[in-house]
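Undergrad: Each chain, letter by letter, is given below.
There are 10 protein chains.
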Amino acid sequence: MNDEKTALGQKILKIKKTKNLTWTEIAAKLGHAPVWVCAACMGQMSMTPETAEKTAALFGLDDEEAALLAQAPYRGSLPTAVPTDPLIYRFYELVSVYGTTWKEMIHEEFGDGIMSAIDFDMTMERQPDQKGDRVKLTMSGKFLPYKRY
Amino acid sequence: MNDEKTALGQKILKIKKTKNLTWTEIAAKLGHAPVWVCAACMGQMSMTPETAEKTAALFGLDDEEAALLAQAPYRGSLPTAVPTDPLIYRFYELVSVYGTTWKEMIHEEFGDGIMSAIDFDMTMERQPDQKGDRVKLTMSGKFLPYKRY
Amino acid sequence: MNDEKTALGQKILKIKKTKNLTWTEIAAKLGHAPVWVCAACMGQMSMTPETAEKTAALFGLDDEEAALLAQAPYRGSLPTAVPTDPLIYRFYELVSVYGTTWKEMIHEEFGDGIMSAIDFDMTMERQPDQKGDRVKLTMSGKFLPYKRY
Amino acid sequence: MNDEKTALGQKILKIKKTKNLTWTEIAAKLGHAPVWVCAACMGQMSMTPETAEKTAALFGLDDEEAALLAQAPYRGSLPTAVPTDPLIYRFYELVSVYGTTWKEMIHEEFGDGIMSAIDFDMTMERQPDQKGDRVKLTMSGKFLPYKRY
Amino acid sequence: MNDEKTALGQKILKIKKTKNLTWTEIAAKLGHAPVWVCAACMGQMSMTPETAEKTAALFGLDDEEAALLAQAPYRGSLPTAVPTDPLIYRFYELVSVYGTTWKEMIHEEFGDGIMSAIDFDMTMERQPDQKGDRVKLTMSGKFLPYKRY
Amino acid sequence: MNDEKTALGQKILKIKKTKNLTWTEIAAKLGHAPVWVCAACMGQMSMTPETAEKTAALFGLDDEEAALLAQAPYRGSLPTAVPTDPLIYRFYELVSVYGTTWKEMIHEEFGDGIMSAIDFDMTMERQPDQKGDRVKLTMSGKFLPYKRY
Amino acid sequence: MNDEKTALGQKILKIKKTKNLTWTEIAAKLGHAPVWVCAACMGQMSMTPETAEKTAALFGLDDEEAALLAQAPYRGSLPTAVPTDPLIYRFYELVSVYGTTWKEMIHEEFGDGIMSAIDFDMTMERQPDQKGDRVKLTMSGKFLPYKRY
Amino acid sequence: MNDEKTALGQKILKIKKTKNLTWTEIAAKLGHAPVWVCAACMGQMSMTPETAEKTAALFGLDDEEAALLAQAPYRGSLPTAVPTDPLIYRFYELVSVYGTTWKEMIHEEFGDGIMSAIDFDMTMERQPDQKGDRVKLTMSGKFLPYKRY
Amino acid sequence: MNDEKTALGQKILKIKKTKNLTWTEIAAKLGHAPVWVCAACMGQMSMTPETAEKTAALFGLDDEEAALLAQAPYRGSLPTAVPTDPLIYRFYELVSVYGTTWKEMIHEEFGDGIMSAIDFDMTMERQPDQKGDRVKLTMSGKFLPYKRY
Amino acid sequence: MNDEKTALGQKILKIKKTKNLTWTEIAAKLGHAPVWVCAACMGQMSMTPETAEKTAALFGLDDEEAALLAQAPYRGSLPTAVPTDPLIYRFYELVSVYGTTWKEMIHEEFGDGIMSAIDFDMTMERQPDQKGDRVKLTMSGKFLPYKRY
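Protein chains in written order, with full-length UniProt numbering: chain U, 1 to 149; chain Y, 1 to 149; chain H, 1 to 149; chain E, 1 to 149; chain W, 1 to 149; chain C, 1 to 149; chain F, 1 to 149; chain S, 1 to 149; chain X, 1 to 149; chain V, 1 to 149.
If we strip away everything but chain U, and leave its shape as in the complex, we get:
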C-alpha cells in the first residue's frame, strides 16, 4: 500500500547522491530535524504541503510526487516481522533484550503508561571515541499515563 511512497524514497536517495547532499543539509533547508526529514523521504512520515513543496523543489520532483510526500503513509518499513538486515536487527535485539527493563524503569519513574511513539522525536549523532566512534541516538517520547476511567 505504501509502495508508491517507498519508490519515491528510492528516487530521492538517488537524486540526493547525485546532488551530493547530506540529511543535515537537507534538513536545514526544510527547517526540520535530519531524522524526521529522512524518515519522511523514506515514506514513513507525512510532510505538510509546504514542506512537501520545498522538498519537491529541492529534488526536482513534480506536483504528484509532492502530494505523495504530504500523504499519510501506511507505516511499517520492513519486509519481515523480524528484520534480517543486521543494522536494523540490532535494534530489534535491543527491544528483545531490554524490553522488560524499559517497562520496569518507566513504570518505576512514571507509573503505569507508555512512552509515545507518536509525540516523539529523535536525534542521531556521531560520538567521537578513541576506541572507535559511537552512534548516539537520543529519543524523547511523551509519557502517556493509562487513563483510569
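These aren't lab readings, by the way, just hints derived from the structure by calculation.
Be careful, since some hints might not be right.
What the hints assert, rightly or not - Taking lysine-lysine and the DSSO-like style, the derived pairs with C-alpha atoms no more than 30 Å apart in a straight line are:
1. U:17 / U:147
2. H:11 / W:14
3. U:29 / Y:29
4. Y:14 / Y:54
5. U:147 / H:136
6. X:147 / V:11
7. Y:11 / X:11
8. X:14 / F:14
Stated by the list, open to error - With beta-carbon atoms standing in for the labels, derived distance ranges:
9. C:48 / H:130: 50 to 58 Å
10. C:80 / W:14: 36 to 44 Å
11. F:49 / V:79: 48 to 56 Å
12. S:148 / W:22: 53 to 61 Å
13. F:50 / W:31: 31 to 39 Å
14. S:19 / F:50: 40 to 48 Å
Claimed, not checked - Only part of the chain F face toward chain C is listed, based on derived beta-carbon distances under 10 Å:
15. 24
16. 28
17. 29
18. 36
19. 40
20. 47
21. 73
22. 107
23. 120
24. 122
25. 127
26. 128
27. 147
28. 149
Note that CB positions come from ideal geometry on N, CA and C, so glycine has one too.
Could you slot chains Y, H, E, W, C, F, S, X and V onto chain U? The hints should help.
TA: For chains Y, H, E, W, C, F, S, X and V alone, coordinates are given in the frame of chain U:
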C-alpha cells in the same frame, strides 16, 4: 532456558518493593548505571562475581542466587516475536517505522556497518515538559564497520 | 509473565459469581466505569492502591492480592495472535475489514496521527431492538497527531 | 483476489481529493452512513447496483467499475495478520488488551453468544475536548446467542 | 484458558466409556442433538444450568463441574492453527479447497453475507454404502446478510 | 502454480454474469452437481476432457482453456492459512470449534479412521425459515479405516 | 492431547530396552508389521483391544495402559511444523524437493487423485551396500481418485 | 530464485503433453530413472551437461534452456511450509505421523545417524490390487552415522 | 522430547563448575574433541556406552544418566526457529547473509551437492589479536554429491 | 529492497560462466578473499568505489552497476526464515544443533559476549580425503564482550 534467571528477577522486584528502593539507589550502591543494573536483575545481563555478591547482599540472596546473577543468560526477555505489551510494542514500532531511516543515516555518516548492541550503553531519564513530561532515552553503541577482507 | 494477575482474575470471577454481583454494581462501589473495572480485574489494567484496597475488601482478597491489582501488567490477554474464540475473533475481524477505512476517515478528519489506546475509555451497553437486542460499544480515544520535528 | 476492488479504491481516493469531497458529503449523496460508504469505496463492502451507479456517477467511473463496487469482496484489508501501521495497530491492541473483558461483559449481560460483525453498524465522530479532541467510535452489533440444539 | 473445561471433557469421555454410553443415548436423555451434546461435553459449548445438572447427574459429577459445563468457553479446540490430526485436517482441507466455491455459491443464492456459525446446527450420521459406508454431515446455518447502513 | 486456473475461474465468473447463468443451470447442462461444477470452474477440481469441452463450449473458451479445465490443480484456494474473508472464516471456525467433536463422534461410530475429502461430495441449498432462510450444506465422505498392517 | 499416549510410548521404549527386544521380535509376537507396531507403541496408531492386551502382557502394562493403546490418537508426533531433528527433517526435505514430482508422476499414471495415507502400509529394511548400507523404505498407499459428482 | 527453472519445467510439461510422452519413455531415452528425470525437469535436480543436451534435443529447447537444466537449483518446490495440495499434504502427514517411528526404527537398526536425502534414489510404480490399485514408492538412502570426533 | 537430556546437560554444567573443569580437560579425559564433548553433554550428540560411562564417572552420574548420554537425541537445541540469544543469532545471521554465497562457492568447487552436517567435525579456538582476540571456528564436513540415478 | 543488487548478482554469475572465471581468480584480481568477493557480487556486501570499478571493468558493467556494487545492501539472502535449499539448510541445522554448544564454549573461553558477524572473515577450501573430499570452512570473528556500564 533462562527461566531461573527470570524467576530470580521477579523475586528481586518484590524485595525491591518491600525495601522501597529505586534503581537509581541500587545502581549507586553497585557502581553501575541504573539501566544496566535493572537489566542484569531482570536476567538479561551477567554481573561480575563481585557485583553479584554485592547485589546478593543488598537483596538478601543466597550464594546460588548470586552465582545465577553472574551467569551469562540465554537472552531474549519477551514471550512473542512481536511483543503484545503496549509499552514494549511502541519500541518495536519504532524499529518498524524508523528501521530504514536508521540504516540510511548511519550509512551516510559512518559507511557500511552497524551500531553494536554489545558494546552499548543507555540511560533513561525524565524530561520535564509543560505539555507532559517525557521519557528520554540516550543510546550509545560503537559503530562497527563491515570488514572487507 | 502476567500469569499471577490472570489467575487472580479467575479467582475474582468465581467470587463475583458466588456473591452474585454485576460489573455495574462493582464499578459503582469502586467509582469507576464497568469496562475498566472488569479489565482491571481480568489483569489488563492497574488500579491505584486505594482502588485496589477497596476491590480487595469487596472480594475478600489479602494484601498481596491487593498489591497485585495495583501492579502494571504485561498486557495482552489472548493466547494467540489471531484469536480463536468467536466472540473475540469478531473484533479482530472488524480490524481486518475496517482497518483501512478507520485510517482513511481519521486522517480526513484529524490529519496524520492515531487514536490513542492509552488515553482511552469505553462503555458497553445493551441496545434494545425489536429484531434482537444489540451490543453497543462506545470508544473514545484522544487523537494524537504525529509530531513533525 | 480483491486486488481490483482495492485498486478502484485508490482511484476513488484520488478523485475524491481532486473534487475536494468529504466522506460525509459523499455519504449524504448516497443515502448511507459515512463509515459504510468509505468501507465500500475501499473495497470491503458491496453496494447495491443502485448505490453503485450513483457512486460511479459521482466519481465518473465506467460501468465495469460500477459493477465492481456491487460485487461481494474477498474481505480483509490488511497485508499482515498483525497490522504494522500504528493507527490500525492500536485497534488490534484494543482487541489484545480488552478481548477477555469484552467476552466477560457480553456474556454477563447477554449470555453465551457473540456480537455480530455482519449485522453491524458504526459511526465515527470528532469529540471536542479541551485537552485535545478525541476520536469517538460507536459500534452496534446484533447479539447472536449460541443456538443450543 | 479453557483448560478446566477440556480436562472435564476428558473425564467425561472416560466415564462414558465405563458406562458404555453412546452420544445418541446421552443426547436423548438430555433432550438435545448428539453433536451439540458432544461439543458441550468436550468443552466447546455451554449448557443451560438445567442441562448441566442433568449431565452432572448422568456422569456423577459434582456441583463445581456442573457449573463448569454451564460456563461459556473460550472456544477453539485445537492446539495448532493448521490441525495435525488427519481426521480433523480433512475438514481444514475442505475449507482450503472449497472456500472460494462456498463463497461464490452462497453469494449467488443469497447475496452478500455469511452463513452463521452461531445460529447453527449440525447432524452426523452413518450413510450405508456398498462401496464402504460414508460419513454424512448436515450443517444448517442462518444466512446473515451484510447490513448496508 | 495454480494461477492460470484461478485466472480462468475469474474469466468464467464474468462470462457467467454476462450470460446470466446460475450454477444450477450450468451444472444441469454438464450433468454434474452444482458444487462440483463451481469448484471445477474456480480451478480446484479437474474435469474429464469431455466435460471440459462442454464447459468450453458453454462459456466460449478456446482449446487451451479447455485443456486447463481438465488439468489436475495444485489445490488450495486461499491466500492465507487462516482465511480473512468472514464467509470462509466461519467454516474455519467450525473446524476449530467442532474439530475434537467430529473426531470423537466419527471414532465412536466407525472406529479409528477418517472421513475422506477425496471420495467426497456435497450439496448446498436454501432452507426456507421464518426467522430467516438458512444455508444447508450436506457433506458425504467415505469413511476410511486406518489400516492395521 | 496425545500426551498420555506419548508418555506411554516413552515407557515402552525403556522396557523394550531392558528386555532387549527388537521391533521385529515384538511385531512377530503381535502378528503385525514392525513399522506399524512401532508407530502404535509411539502413540500414533490405535491397536485392536486384542493386540493392545497382547502388547500390555508383553511389556507388563496395566489395564488402563492397554486401553490407552487401543484408543484413537490425536495424531501428529512432532513439536514443530518444520521438524528440527535431522533424521526427521530429511523426510520433510524429500516432501519439499520431490513434492511437485510426486504430484506430476502420480497424476500421469493414475489421473487426478491422491495416494492414501490411511489405507497405507510401509516397511523399512537394511539394504547392504559396499559403499555403506542403505535404509530402504517401501510405502504403499491406495490410489484414491477425486470423485467427480 | 528458482523461478527460471520452475518456468522451464512448466514449458516442458506442455511439450511433453503435446508429444504424448511418458516419464518412463523420457527416462529411457536419457538413461536415468523416471523419478529423477521428472524431478530434474521440474527444476529440483541438476543434469550433467550431456543429459541436459539430450533433454533439450528431445523437447526442442535452446542452449540457454539446456544450460538451465544443468544448473544446481535453489531447491524447495512448494509455496508454503505446510503444503496445501492434498496429494502432497499426505506425504507431509506421513512425516508428521511417522516421524518419531522412523527415528526409533532407524536408530535401532543402524545406531545414531540419518538416512541421506542426497545419496538417495526412489522409484514409483503402480501396484495392481483388486480393492483398488496402489501407489508403491520405494526409497533408498545411504545411512550416514553421526561422526563422533 | 529431549527434555531429559537437556536437564542432564544443565546438571553437568553445574557439576563442571563445581569441579572447576574446562571442556578441553574433559575432552582430553574422554578422548574426543572439546566441541563434540560439549555438544554431547548439552544433549545434542549421543555417546558410545563406553564414553557415556567414563563421562558418568567423571561427573558422578548414575547408570540411568549414563544411559541417557548414550541415547540418540531428538536434536534441535533452540526454543525458537529464529534464535533470540545474540551469540547464537549471529550464527543465524551468517546463514542468512552468506547462504547464497556458500551455495555458489561449494557448487563451483564440488558441483551439485551439499556439505554434510552429519559426517562433520568442528574445532573452536582463541585467536590472539592485538585489536581484540578472535573466535576461530573450523568446520569440516564431507561433500556429498547429489546422486543422479 | 535488495532486488537490484540480487539481480546484478545473477547477471554477474552468467558473465562469470561465459568468461570461465573462478572466484579465486576474480578475488586475486580484486585483491580480496574469494568468499568476500563472492558475497559482494551476490549483493550481500558493499565494495569500496575502487573495488567496484575494478569489478565493473572485469565483468563489463556500466557505471550505475558499479555504483550498485558499492552500495550498502539490505542484507538477508534467503526467501524464508528457515531455508528450504538443502545445502543452506545444513548450516541452519548446525545453528540449531550446535547453538547452545557454541554459547557454552565461547562463554567458557571468553566470558559473556559474542563472536562478531561484522568484524568477521571466512575462507572455504577443499580438504582432500580418501573417504571423500571435505568442505573446510574457517570462520574468524572478533570476540565482543558485553559492556558492563
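Undergrad: Hint by hint, say whether it matches the structure.
TA: Hints, verified against the model:
Distance restraint check for residue 17 (chain U) and residue 147 (chain U): the Cα-Cα separation of roughly 47 Å exceeds the 30 Å cut-off, and the hinted pair is therefore not satisfied. Restraint check for residue 11 (chain H) and residue 14 (chain W): satisfied, since their Cα atoms lie roughly 28 Å apart, inside the 30 Å limit. A hinted pair counts as satisfied when its Cα atoms are at most 30 Å apart, and residue 29 (chain U) with residue 29 (chain Y) does not qualify at roughly 48 Å. For the proposed pair residue 14 (chain Y) and residue 54 (chain Y), the alpha carbon gap of about 18 Å is at most 30 Å, so the pair holds.
Distance restraint check for residue 147 (chain U) and residue 136 (chain H): the Cα-Cα separation of roughly 21 Å lies within the 30 Å cut-off, and the hinted pair is therefore satisfied. Among the hinted pairs, residue 147 (chain X) with residue 11 (chain V) is consistent with the structure: their alpha-carbon atoms are about 29 Å apart, no more than 30 Å. In summary, the hint linking residue 11 (chain Y) to residue 11 (chain X) is supported, as the alpha carbons are separated by about 23 Å, within the 30 Å threshold. Distance hint between residue 14 (chain X) and residue 14 (chain F) is fulfilled; the C-alpha atoms sit about 27 Å from each other, no more than 30 Å.
Here the CB-CB span from residue 48 (chain C) to residue 130 (chain H) is close to 53 Å, well matched to the stated 50 to 58 Å. Checked against the hint of 36 to 44 Å, the C-beta distance between residue 80 (chain C) and residue 14 (chain W) comes to roughly 38 Å, which is consistent with it. The beta-carbon spacing between residue 49 (chain F) and residue 79 (chain V), approximately 50 Å, falls within the hinted interval of 48 to 56 Å. About 56 Å separates the C-beta atoms of residue 148 (chain S) and residue 22 (chain W), a value consistent with the hinted range of 53 to 61 Å.
A beta carbon spacing of about 38 Å between residue 50 (chain F) and residue 31 (chain W) agrees with the range 31 to 39 Å that was offered as a hint. A C-beta distance of roughly 55 Å is found between residue 19 (chain S) and residue 50 (chain F), which places it outside the suggested range of 40 to 48 Å. Below 10 Å, beta-carbon pairs count as interface contacts, and residue 24 (chain F) has none with chain C, the closest being about 14 Å; its hint is therefore violated. For residue 28 (chain F), the interface hint is violated, since its Cβ never comes within 10 Å of a Cβ in chain C; the closest pair sits about 14 Å apart.
Interface restraint check for residue 29 (chain F): the shortest CB-CB distance to chain C comes to about 15 Å, outside 10 Å, so the restraint is violated. At about 5 Å, the closest approach between the beta carbon of residue 36 (chain F) and any beta carbon in chain C falls short of 10 Å, and the interface hint on this residue holds. Hint on residue 40 (chain F) holds. Least Cβ distance to chain C is approximately 8 Å, under the 10 Å limit. Restraint check, residue 47 (chain F) versus chain C: the minimum CB separation of about 7 Å is within 10 Å; hint holds.
Evaluation of the residue 73 (chain F) hint against chain C yields a held restraint, the C-beta minimum of about 8 Å falling below 10 Å. Look at residue 107 (chain F): its Cβ gets to within about 5 Å of chain C, closer than 10 Å, so that hint holds up. With a least beta-carbon distance of about 6 Å to chain C, the hint placing residue 120 (chain F) at the interface is held under the 10 Å criterion. Because the closest C-beta pair between residue 122 (chain F) and chain C is about 8 Å apart, less than 10 Å, the hint holds.
Look at residue 127 (chain F): its Cβ only gets to about 21 Å from chain C, farther than 10 Å, so that hint breaks. The restraint placing residue 128 (chain F) at the interface with chain C is violated, with a minimum CB-CB distance near 25 Å, outside the 10 Å limit. Checking residue 147 (chain F) against chain C by beta carbon gives a least distance of about 5 Å; that is within 10 Å, so the hint holds. For residue 149 (chain F), the shortest C-beta to C-beta distance to chain C is roughly 4 Å, which falls under 10 Å, so the interface hint holds.
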